[in-house]
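A.B. asks: Respectively, the protein sequence lines represent chains A and B. For the first sequence, the working numbering assigns the number 835 to the last residue and increments by one with no breaks. For the second sequence, the working numbering assigns the number 835 to the last residue and increments by one with no breaks.
No lab work stands behind these hints: they were computed from the structure. Be aware that a few hints might be false.
For chains that are exact copies, the list does not tell them apart, and a pair is met inside one copy or across any two.
Here are the simulated PhoX-like pairs of lysine-lysine, each with C-alpha atoms no more than 25 Å apart in a straight line [claimed, not checked]:
1. K437 <-> K814
2. K535 <-> K616
3. K781 <-> K540
4. K616 <-> K796
5. K796 <-> K540
6. K540 <-> K616
7. K728 <-> K616
8. K690 <-> K616
9. K690 <-> K793
10. K437 <-> K796
11. K690 <-> K540
12. K643 <-> K437
13. K437 <-> K793
14. K535 <-> K781
15. K437 <-> K535
16. K643 <-> K424
17. K424 <-> K650
18. K535 <-> K690
19. K722 <-> K690
20. K796 <-> K426
21. K814 <-> K643
No experiment lies behind these values; they were computed from the predicted model shown.
These are the residues of each chain, in order.
There are 2 protein chains.
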Amino acid sequence: MTAYAELNTSDLQDRKEKLLYRYRAFQEKSLTLDMTRGKPSPEQLDLSMEMLSGEINQEYRSHSGVDCRNYGGLDGINEAKTLFADYLEVADNEIIVGDSASLKMMHDTIMGGLVYGMVDSDESWGKGGMVKFLCPSPGYDRHFALCQYLGIEMITVAMDDNGPDMDRVEELVATDEAIKGIWCVPKYSNPTGITYSDETVDRLASMKTRAGDFRIFCDNAYAVHHLSDVHDHLKNILTACKEAGNPERVLLFGSTSKISFAGSGIAMMAGSRRNIEFILSKMQFQTIGPNKLNQLRHVLFFETLEGIQTHMQKHAAILKPKFDAVLDVLDRELGDSNIASWSRPNGGYFISIDTLDGCARGVIEMAAAAGVKLTPAGATFPYGKDPKDRNIRIAPSFPSVSDVHKAMELVALCIQLVSIDRLLSNF
Amino acid sequence: MTAYAELNTSDLQDRKEKLLYRYRAFQEKSLTLDMTRGKPSPEQLDLSMEMLSGEINQEYRSHSGVDCRNYGGLDGINEAKTLFADYLEVADNEIIVGDSASLKMMHDTIMGGLVYGMVDSDESWGKGGMVKFLCPSPGYDRHFALCQYLGIEMITVAMDDNGPDMDRVEELVATDEAIKGIWCVPKYSNPTGITYSDETVDRLASMKTRAGDFRIFCDNAYAVHHLSDVHDHLKNILTACKEAGNPERVLLFGSTSKISFAGSGIAMMAGSRRNIEFILSKMQFQTIGPNKLNQLRHVLFFETLEGIQTHMQKHAAILKPKFDAVLDVLDRELGDSNIASWSRPNGGYFISIDTLDGCARGVIEMAAAAGVKLTPAGATFPYGKDPKDRNIRIAPSFPSVSDVHKAMELVALCIQLVSIDRLLSNF
């Protein structure tokens with residue numbers, strides 16, 4: 409395939425005709441495919457069905473004798489704390505195991521910041537006036553939406569293959585006291601799939617921050633979500649923060665939403681003992697405790713971190729062919745066209761495509777018009793505004809491999825068509 | 409039994425000697441009984457074990473075809489909304505069914521009030537300066553603790569057999585704009601066991617409030633928690649508020665913590681459609697949804713409101729003998745002594761004892777010294793301070809009937825001993 413930039417107007421027009429012909433054929437197929445969210449497929453959810461079968465499920469006493477049907481246990485059952493402390497690479501007393509939604513834990517932590525501050529705050533974030541968060545982008549739309557609804561000002565920071573642009577991050581946090589946090593998905597990042605380099609982790613841990621109560625909201629959503637035997641390695645951020653003399657700086661979050669059941673998993677948060685004690689000292693007034701039966705089920709089903717890792721290989725076996733399908737179609741259709749680039753992640757739930765500037769929204773609209781719904785244009789940036797209008801997040805987990813093939817063929821067509829119009833308008 | 413007030417010093421001293429003898433016998437028994445909390449007994453939790461058995465538990469599709477293992481469903485599955493809308497006597501679209509803790513829902517609603525206000529607020533409660541709540545007392549200690557940790561000023565209002573002292577409530581809310589809420593446990597109230605009269609409900613619904621965004625936090629924790637066939641009737645508060653032209657005034661909360669599993673039940677909140685829409689418009693940024701599998705289990709197990717009611721008769725059969733044991737001992741030991749009065753509730757989880765002024769703390773300490781832990785003195789009042797130091801909350805649900813007998817015998821002894829010292833000090 410020739411690079412599009414080398415084609416003249418009439419070549420482009422010819423190609424457009426052929427592509428439009430194929431696009432119309434797609435329209436006639438009346439597809440209805442949804443690739444908007446990183447949602448596990450039914451086959452993936454089936455992997456954990458044993459958790460709902462009689463044997464595990466009739467158990468209600470934890471190893472240590474707690475009746476998990478009754479009240480109590482603010483920070484989760486001991487066995488779950490041990491298992492998920494291993495999972496997040498923290499100590500057993502540095503974790504809180506909760507209900508199913510880690511997003512809720514992040515939200516509640518920020519609400520707490522606004523109303524009563526952090527353990528090392530001079531005053532609550534809300535009292536201090538404007539609160540700002542750094543948002544490495546493209547990133548996770550729900551992180552950004554959460555800031556927006558709470559009136560937290562978002563500052564976009566670019567992402568590269570090593571993580572956030574650390575020069576920019578260091579410069580910003582060193583000078584602006586209102587910057588209280590940064591969002592991070594440090595491993596198999598949503599959506600670019602990259603894993604933070606050791607240097608990035610060290611710089612985040614050791615950088616000087618103007619705000620004494622600055623926090624890294626580290627959403628380690630894909631800690632064990634490898635796609636094959638090639639695993640990215642993430643340096644331990646809590647340890648790095650402790651070594652840098654900033655033990656309170658990082659709060660870690662995780663969940664089994666993409667390990668067991670997306671709607672009925674286990675969420676957890678972790679951090680220094682001082683952070684955890686502070687959060688529990690507030691949490692004790694908010695709830696009597698999480699669903700312990702669900703925690704027990706998870707412990708009985710997975711048993712150990714190794715059990716989780718073995719289980720994740722089964723997920724990978726289902727997911728890998730879908731990611732391969734995306735990459736195959738993109739390679740074949742857009743190979744040397746120079747009108748788009750895309751990620752080749754070793755894990756996580758997304759492939760991130762960058763089109764020519766100003767094309768993403770058009771592509772997403774065109775795909776939708778032929779029955780394939782993608783994540784809304786701009787969603788991966790603060791305020792839903794992609795400054796270059798070029799990022800498209802592909803979420804291939806839910807549809808079947810053949811549906812992913814079809815959908816991506818359409819997406820590739822749309823990228824070409826919108827790019828041609830863009831290039832033609834430049835002549 | 410003669411009324412204590414009619415006894416002279418030497419009679420009182422004689423009686424004290426005999427009581428001390430019995431008290432020392434208790435001390436030698438080395439009891440370790442915990443009656444601090446309204447916690448279901450294992451026998452009660454056993455009633456719902458079918459929910460964890462294979463048949464119900466392997467089901468993961470709702471009647472309407474939703475895969476409850478996956479993401480989605482912010483306000484709960486339809487079937488759960490229908491069932492618990494019946495339960496709270498609201499319309500299907502006036503309810504949000506969530507995870508297990510209703511206290512968390514109350515907390516989150518108040519945090520929301522502080523950070524972004526209510527649907528009809530001019531500004532957030534936090535922006536407006538001091539926030540105050542009315543606290544009918546004795547009441548539920550966790551409601552009060554929640555206010556205290558958030559810095560909400562609590563104003564104590566007396567409770568009588570019809571509910572809060574409405575003259576006082578009306579006077580306060582009419583004049584003070586900072587009063588944004590009132591806590592209510594309207595049925596089988598914690599701890600006095602009374603149910604609000606129709607007049608109280610009507611007055612709460614129709615009273616003039618200075619704050620336009622005033623809310624009744626109506627914790628209907630014991631809606632179907634009868635102890636026998638004698639049921640108290642509670643007038644529908646949401647309907648009353650609508651009829652009074654104040655549809656947004658009340659927020660209802662409930663849970664199955666004392667119906668199914670205390671640590672793994674279903675919590676819910678309800679209110680006018682406008683309130684619910686507002687809350688959902690904020691909730692969508694906080695979480696992707698509750699544990700739907702747990703909701704499905706509850707729907708499959710209970711099926712209908714009638715199913716819940718039948719189930720509650722089994723709870724009553726277990727609880728009633730424990731309540732009877734408390735009342736039998738109190739009647740026998742303190743019958744006509746005129747040193748204490750106590751409630752005889754038709755439902756709920758508590759019996760409330762009022763001693764002579766200035767005796768409750770001493771009684772609770774003395775009982776603890778002989779191995780019976782009661783709810784801490786003052787817990788049923790704001791800031792943990794019982795102004796007359798006379799209220800004792802008895803929670804008989806967890807121990808066995810014979811343990812309740814033993815514990816109450818000790819409590820009655822302690823009440824007599826502390827009262828005698830009190831009376832002697834008056835001579």
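A.B. asks: Next step is simple, just say for each hint if it's right about the structure.
C.D. replies: Cross-check of the supplied hints:
{"no.": "1", "hint": "K437 <-> K814", "in the structure": "within (10 Å within a copy, 77 Å between copies)"}
{"no.": "2", "hint": "K535 <-> K616", "in the structure": "within (23 Å within a copy, 31 Å between copies)"}
{"no.": "3", "hint": "K781 <-> K540", "in the structure": "neither (32 Å within a copy, 48 Å between copies)"}
{"no.": "4", "hint": "K616 <-> K796", "in the structure": "neither (31 Å within a copy, 54 Å between copies)"}
{"no.": "5", "hint": "K796 <-> K540", "in the structure": "within (23 Å within a copy, 49 Å between copies)"}
{"no.": "6", "hint": "K540 <-> K616", "in the structure": "within (16 Å within a copy, 40 Å between copies)"}
{"no.": "7", "hint": "K728 <-> K616", "in the structure": "neither (40 Å within a copy, 63 Å between copies)"}
{"no.": "8", "hint": "K690 <-> K616", "in the structure": "neither (28 Å within a copy, 34 Å between copies)"}
{"no.": "9", "hint": "K690 <-> K793", "in the structure": "between (36 Å within a copy, 21 Å between copies)"}
{"no.": "10", "hint": "K437 <-> K796", "in the structure": "neither (32 Å within a copy, 78 Å between copies)"}
{"no.": "11", "hint": "K690 <-> K540", "in the structure": "both (23 Å within a copy, 20 Å between copies)"}
{"no.": "12", "hint": "K643 <-> K437", "in the structure": "neither (47 Å within a copy, 57 Å between copies)"}
{"no.": "13", "hint": "K437 <-> K793", "in the structure": "neither (32 Å within a copy, 72 Å between copies)"}
{"no.": "14", "hint": "K535 <-> K781", "in the structure": "neither (42 Å within a copy, 41 Å between copies)"}
{"no.": "15", "hint": "K437 <-> K535", "in the structure": "neither (56 Å within a copy, 55 Å between copies)"}
{"no.": "16", "hint": "K643 <-> K424", "in the structure": "neither (47 Å within a copy, 69 Å between copies)"}
{"no.": "17", "hint": "K424 <-> K650", "in the structure": "neither (57 Å within a copy, 61 Å between copies)"}
{"no.": "18", "hint": "K535 <-> K690", "in the structure": "both (18 Å within a copy, 21 Å between copies)"}
{"no.": "19", "hint": "K722 <-> K690", "in the structure": "neither (39 Å within a copy, 36 Å between copies)"}
{"no.": "20", "hint": "K796 <-> K426", "in the structure": "neither (28 Å within a copy, 88 Å between copies)"}
{"no.": "21", "hint": "K814 <-> K643", "in the structure": "neither (38 Å within a copy, 58 Å between copies)"}
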